[in-house]
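Asker: Chain B: place on chain A using the hints.
Number of protein chains: 2
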Amino acid sequence: MVLETISSPQDLKQLSREDLRRVVDEARQALLEKTSQHGGHNGPNFGMVEMTVAMHYVFNSPVDKFIFDVSHQSYVHKMLTGRAQAFLDSAHYDDVSGYTNPKESEHDLFTIGHTSTSLSLASGVAKARDLKDEVYNVVAVIGDGSLSGGMAYEGLNQIATEGTNTIVIVNDNEQSIAINPTGGIYTALRDLRESKGQADNNLFKALGFDYHYLDAGNDLDQLIALFEEVKDANHPVLLHIHTQKGHGVSFMEENREAFHAGGPYNPETGEYLRASNASETYNSITTSFVLDKIKNDQTVIAVNAGTPMFMLNQDQRKQAGKQFVDVGIAEEEAATMAAGLAKNGAKPIWYVAAPFMQRTYDQWSHDIALNNLPVTTLVYSASVSAMNDESHLGFFDIPFLAHIPNVVYLAPTSKEEHLAMLDWAVEQNEHPVAIRIPVGPLRETGIVDTTDYSILNKNQVTQNGNKVAIFGLGNFYALAEEVAKELAAKHGITATIVNPKFITGLDEELLDSLESDHQVVVTLEDGVLEGGYGQMVASYLGDADLKVQNYGVEKAFHDRYNAQELLAENGITVDNIVKNIIKVLD
Amino acid sequence: MVLETISSPQDLKQLSREDLRRVVDEARQALLEKTSQHGGHNGPNFGMVEMTVAMHYVFNSPVDKFIFDVSHQSYVHKMLTGRAQAFLDSAHYDDVSGYTNPKESEHDLFTIGHTSTSLSLASGVAKARDLKDEVYNVVAVIGDGSLSGGMAYEGLNQIATEGTNTIVIVNDNEQSIAINPTGGIYTALRDLRESKGQADNNLFKALGFDYHYLDAGNDLDQLIALFEEVKDANHPVLLHIHTQKGHGVSFMEENREAFHAGGPYNPETGEYLRASNASETYNSITTSFVLDKIKNDQTVIAVNAGTPMFMLNQDQRKQAGKQFVDVGIAEEEAATMAAGLAKNGAKPIWYVAAPFMQRTYDQWSHDIALNNLPVTTLVYSASVSAMNDESHLGFFDIPFLAHIPNVVYLAPTSKEEHLAMLDWAVEQNEHPVAIRIPVGPLRETGIVDTTDYSILNKNQVTQNGNKVAIFGLGNFYALAEEVAKELAAKHGITATIVNPKFITGLDEELLDSLESDHQVVVTLEDGVLEGGYGQMVASYLGDADLKVQNYGVEKAFHDRYNAQELLAENGITVDNIVKNIIKVLD
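Line by line, the protein sequences are chains A and B.
Going by our numbering, the first residue of the first sequence is number 14, and it counts up by one from there.
Going by our numbering, the first residue of the second sequence is number 14, and it counts up by one from there.
Extracted from the complex, chain A is given alone in its bound form (with noise of 0.2 angstroms):
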């Protein structure tokens, strides 16, 4: 194997094209090895074996600089960076992560894992190089999918106005993570593919690119003579390249949406061997309520940018027809644009993971709330135990939207509160809504819930007790119900359990009628503790006879952690939780 005795770029720049070739199959055996038994993002990766290779064939990282867009497509960069073994050897599978990481090796400059940002990263990079008045290759990759996010075309700029050398690769496989929409950049992209790039009104040149076009994205050898062609160029440089998602594994190459990321699947048929989701779940009753209130109100519409397929698959999308619409990887687009819906009479209901929204915090701002627009957000992947990786923490959410005026963050305990909060946001005119969408098992309680929504920051008391109240917030309200059992078990208090729902405002009502009878208020929330719902609380009680104990994980960009062991580490076990109070009892 050829790939194994390659351990640094240098070592594959003494390769004759024949090994080359050989270092391609090899990487592409060892994806379809690593990611169908651990799962990743495979399309991209499949796409890209040739034109990695070639890229450490011609240009020479690290000084040479590399800069991935989102990165998850570096996964053949990491095997010919030192890394070959976490893709060979199963037992490593986990020594390295999705994305481009400068704690492994000097060739990752950056931790990246949203979309859009390579570009202006890159123009920075070699702006520093020109302060320094060094000489090198500034080269960054990015997809025709996160081309539509405006940091990109703002990054184009820049490179543009710098003039000097950097070489952007558009790494075309005609797909975002969804099927691309049609118009805008990506009509613009078809008609230079389709002209092989001699359309009219090319968009790259018009921003003053010296733009080349490779129609044969995945030919080892065109793609070496265009990088040599261009390497060391004294200006700014871009290679539109067009390549094929999955190319190389047909069931790949032919459903390319599925098989954007995912896993564990059989390699040889391509079948996804998750089992089979037949129960409910929050997800599952979230997209059935969307569907039906599309069905019935044509004024309704579900907005997302470029992640469709986890609220609504192809089926669906195709039912809800213009109902739907996917801007493309462009957050700020779908906030503001929702925001422009609700004024003019639509229902929009936009739908967006944690990690991402935080792409939109003057949007929500400026356009949402200041405007005080009936913009239903559905919040998900929003908890200490979803998304692990550093560049993908979701429990930020809380401090990031809580604190904007005019918003009302709800945190449902159940499926029946979810559908009846879901509801009233949608119906409502009066406010921005979001919704926490729960993270973890359906909780049902068979009751239907009735709560009058608009009668805002009104908790739920579900228990009535003295001396402890507790308030569990969305996903952890379970948790404040196994802490009072456990004070009525072992301590035989009666602690008051609180359901705050409204995670936006404080139940002052409630909180005033708890000092008579209570000495202590603990909060649990799973989010990050710093700026979020329990220190309202607490400075809300700051001066009354009461003590209050916050939970929430400490501030810190954790990364592939287990969610118990980091939970556990800040404290929120029963068993701690319940010392405390214990402790601060009279």
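It is worth saying that the hints were derived from the structure and are not from the lab.
Quick caveat: nothing in here was measured; it's all calculated off a predicted structure.
You may find that some hints are simply not true.
[Unchecked claim] In silico BS3-like links for lysine-lysine, alpha-carbon gap of 27 angstroms or less:
id, chain 1, residue 1, chain 2, residue 2
1, A, 218, B, 209
2, A, 218, B, 335
3, A, 145, B, 335
4, B, 503, A, 145
5, A, 596, B, 209
6, B, 145, A, 331
7, B, 218, A, 209
8, A, 244, B, 308
9, B, 503, B, 480
10, B, 218, A, 335
11, A, 335, B, 145
12, B, 503, A, 218
13, A, 145, B, 331
14, B, 145, A, 308
[Said to hold, decoys possible] To give an idea of the chain B side of the interface with chain A (calculated C-beta under 7 angstroms), a few residues:
id, residue
15, 27
16, 29
17, 31
18, 149
19, 163
20, 164
21, 170
22, 198
23, 203
24, 309
25, 340
26, 343
27, 378
[Unchecked claim] If you anchor each label on the Cβ, the simulated ranges turn out as follows:
id, chain 1, residue 1, chain 2, residue 2, range
28, B, 244, A, 312, 22 to 28 angstroms
29, B, 584, A, 468, 25 to 31 angstroms
30, B, 358, A, 248, 37 to 43 angstroms
31, A, 332, B, 148, 32 to 38 angstroms
32, A, 567, B, 528, 20 to 26 angstroms
33, B, 26, A, 358, 24 to 30 angstroms
34, B, 528, A, 312, 56 to 62 angstroms
35, A, 35, B, 465, 53 to 59 angstroms
36, B, 479, A, 567, 51 to 57 angstroms
37, B, 26, A, 312, 41 to 47 angstroms
38, B, 331, A, 29, 40 to 46 angstroms
39, B, 567, A, 441, 22 to 28 angstroms
40, A, 455, B, 358, 49 to 55 angstroms
C-beta atoms are modelled at their ideal positions from N, C-alpha and C, and glycine is treated no differently.
Answerer: Just chain B now, with coordinates in the frame of chain A:
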């Protein structure tokens, strides 16, 4: 006067072409009188007079929907939609805001004050129209400066994708707030202007727009003809209209950067009437510091997004040469470019106004903080006492920034501290550091600050006392001193006074030590209460034997308020703070 007879656009439509021209002249005269006495956005409005009259003459607002980007150029629109008095009668100058405002008029769809949002809003408004099977024009007006923002590009893409009626007017006056950079979109626009719209590689056509160019953008007849031509189009149209910033006022035409906004000024000579600011301010010492660093270290670079004049004037920028970069009104690019600069060994100093920093949450989190890069960020206008338009509030920066891991956010209280923090921030290599430039009169201690800021979260106790500890953060440190003085004078209490210096973390040792001989801890911060600094203190001390009283402004979009009144409404007066302290003391 014809203008006085126009109470709605319907009145305008009845006028002869000659009378329309009189309206143009009268509107321009009213602008001159009001802005010279009252200040405001000058250049953008003077350049838009003819276009605004033509828009209201041809289109049918409010059935047709007008959306003005930033909306700082909407003064004439206001004059023509029932609000002329606010421009003709000085007693009524304050009746209207400087931006569109739905509370003022049905002709104003949105409250807007930030850049590049208009096209996304338009895409939503148009889509809602289509969902409801309604028919009318959606018209968005965006300047060439605003086109540099990534959201504008996302909006263009979505409008093109929808493929129905939206008319985008690019008001190209060849200038952003400052002089435009060269390159990218600015060069693309220049090529189109110079070729009268005929340039090869038209990026608007590439994105799918029906493109029209008008060179004579201050010619009423040509504007009317163009609008009549495209009105009721069934597809996306882009009108590239070349106007003159400050048109009709010679000193504005000549000095476009100075006359973007400001005032009052002498309407004959264009001389600004503000007192010359010879004495030192926090801004002036910051500028001197930055220029000095640039002079002595070729890797230092000042980075800014579209508002360079708030730190460096035109001469100073020239002096900085390639060690200054204005990326256009593209805050995300500025932040992430700074990350790239820092990664590659440069020392970026990014300066940004608090209300616009909020356009960069994900760039802060994912690009700067996750990668833990030594970017120095100087945050100005972060105070209740800074800009007071609801779209320009600068006091949400603490909940925004303080809960992102790895960030060190500093709050200086004096000239000496500010300079010491600046120097440490730029020269260290361990942390992303932001400094909240003080707002208010320069305070000098006369003692050089030799603090080692690499010892994070170490607070300074400036007076040792007992019973009461007062934490005066940044701008409110002086208030803490006043409260302490009053406590001493009226109640014989010597309070502990703390200058926290660090916003992003607590001095736990100090806080722990207070429990033995203090009864109440008071926090004072010049910002929003919710999610702020004080709430972290309250949480930390939640189960200590101490009361905590947090002061800050209640979260809301306060609009055109008087700062002293707003603070008083939020209990932030010496008397009230002292009263509440005494109340909880034994």
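Asker: Please write out, lowest number first, the hints stated earlier that are contradicted by the structure.
Answerer: Violated: hints 4, 5, 8, 12, 15, 16, 17, 18, 23, 24, 30, 31, 36, 37, 38.
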